[in-house]
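*Asks:* Spelled out, the chains give:
Number of protein chains: 2
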Amino acid sequence: MEFRELGQKLLFKNNHISVITKKLQLPTHKIVDWTFLERRDAVAVIAVLDNKKLVLVKQYRPAIGKCTIEIPAGVLEPGEVPIEAAKRELEEETGYRAVNLEKVYEYYMSPGVSESKFYIYYADKLEKGVQNLDEDEFVEIKELSLEEIELLEKYLTLDGKTILGIEYAKKKLGK
Amino acid sequence: MEFRELGQKLLFKNNHISVITKKLQLPTHKIVDWTFLERRDAVAVIAVLDNKKLVLVKQYRPAIGKCTIEIPAGVLEPGEVPIEAAKRELEEETGYRAVNLEKVYEYYMSPGVSESKFYIYYADKLEKGVQNLDEDEFVEIKELSLEEIELLEKYLTLDGKTILGIEYAKKKLGK
Chain A
3 MEFRELGQKL LFKNNHISVI TKKLQLPTHK IVDWTFLERR DAVAVIAVLD NKKLVLVKQY
63 RPAIGKCTIE IPAGVLEPGE VPIEAAKREL EEETGYRAVN LEKVYEYYMS PGVSESKFYI
123 YYADKLEKGV QNLDEDEFVE IKELSLEEIE LLEKYLTLDG KTILGIEYAK KKLGK
Chain B
3 MEFRELGQKL LFKNNHISVI TKKLQLPTHK IVDWTFLERR DAVAVIAVLD NKKLVLVKQY
63 RPAIGKCTIE IPAGVLEPGE VPIEAAKREL EEETGYRAVN LEKVYEYYMS PGVSESKFYI
123 YYADKLEKGV QNLDEDEFVE IKELSLEEIE LLEKYLTLDG KTILGIEYAK KKLGK
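Top line first, the protein sequences correspond to chains A and B.
Those letters in the first sequence? Residues 3 to 177, by the numbering used here.
Those letters in the second sequence? Residues 3 to 177, by the numbering used here.
Heads up, none of these hints are tricks.
Note that the list lumps identical chains together, so a pair holds whenever it fits in one copy or between two copies.
Derived BS3-like pairs: lysine-lysine, alpha-carbon spacing no greater than 25 Å straight-line:
# : residue 1 : residue 2
1 : LYS127    : LYS173
2 : LYS54     : LYS172
3 : LYS68     : LYS25
4 : LYS25     : LYS11
5 : LYS156    : LYS54
6 : LYS156    : LYS174
7 : LYS105    : LYS156
8 : LYS55     : LYS173
9 : LYS32     : LYS68
Derived from the structure by calculation, the hints contain no laboratory data.
Note that the coordinates shown come from a computational prediction; the quantities given were computed from them, not determined experimentally.
Extracted from the complex, chain A is given alone in its bound form (with noise of 0.2 Å):
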């Protein structure tokens, strides 16, 4: 199967997203336009406590118009590895700084439209460190059980990286 790749433009670029179109010659022959997006690649952390809680952020997502509560997350800062991205957003949303850190998932967030991926850390021996918002980021800390979070899943809508965090924790801690 050859895809060959014949020019591309740039549409659409602000400092979180870039959309591109490209030009592609497809393995029939047959020349198309499709449409892509690059984005950063971000981090996400199942912060696990001592009393097996997780540490999940509680937040207003004007992109669906509601609070959703999450695992800790953000994006990578330019020049920035994923490890450190996770330490730094998990320090800064939740207060807690993570003194294991271990990558669980890597993988494609888009695979159809976008190249960025997502790295997802288990932590655990967690400390207290210093929690530093973004002017722009409004969230609250939730510590909740498993059982807890089961009982949250029945009634709210989550998220991707959450929920196979959930999954991950479920399965670590033996649920």
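Knowing the structure of chain A, use the given hints to seat chain B on it.
*Replies:* This is chain B only, laid out in the frame that chain A set:
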């Protein structure tokens, strides 16, 4: 926490994606411009054969310049409900028709920028249907056991929906 929407502007739109910027008043009363994406909702199917092998799709992904192995998936057609899209995509992409389809996950793809959702179904009791690929789709069907998939996971970067699907199948099939 009160966020007020003061206006919005469409920056880009094609058949698959729209980029919108919204003027928002934050709880601090500061006014900011945030960018959002509108994408069609999508479905994916964890399709399990009588011999417990999963039906997966190998395809070249121009966005990442590589072949991936994914669970069958696609976006909703206008007016289509998720379960119908799941049946349609499974048959079109793999040639298998599902008698039993059960929704196992419904989640936001990317709640920071989009209200689009992913719906994941579990399907067994598969029958031979008719594969019917889009003109621009070039896929190869792979029927793999969970053992084979575990090996694959060591060498390939998968995508989020596929990892969720595999984790669900492991749990369901008692691995």
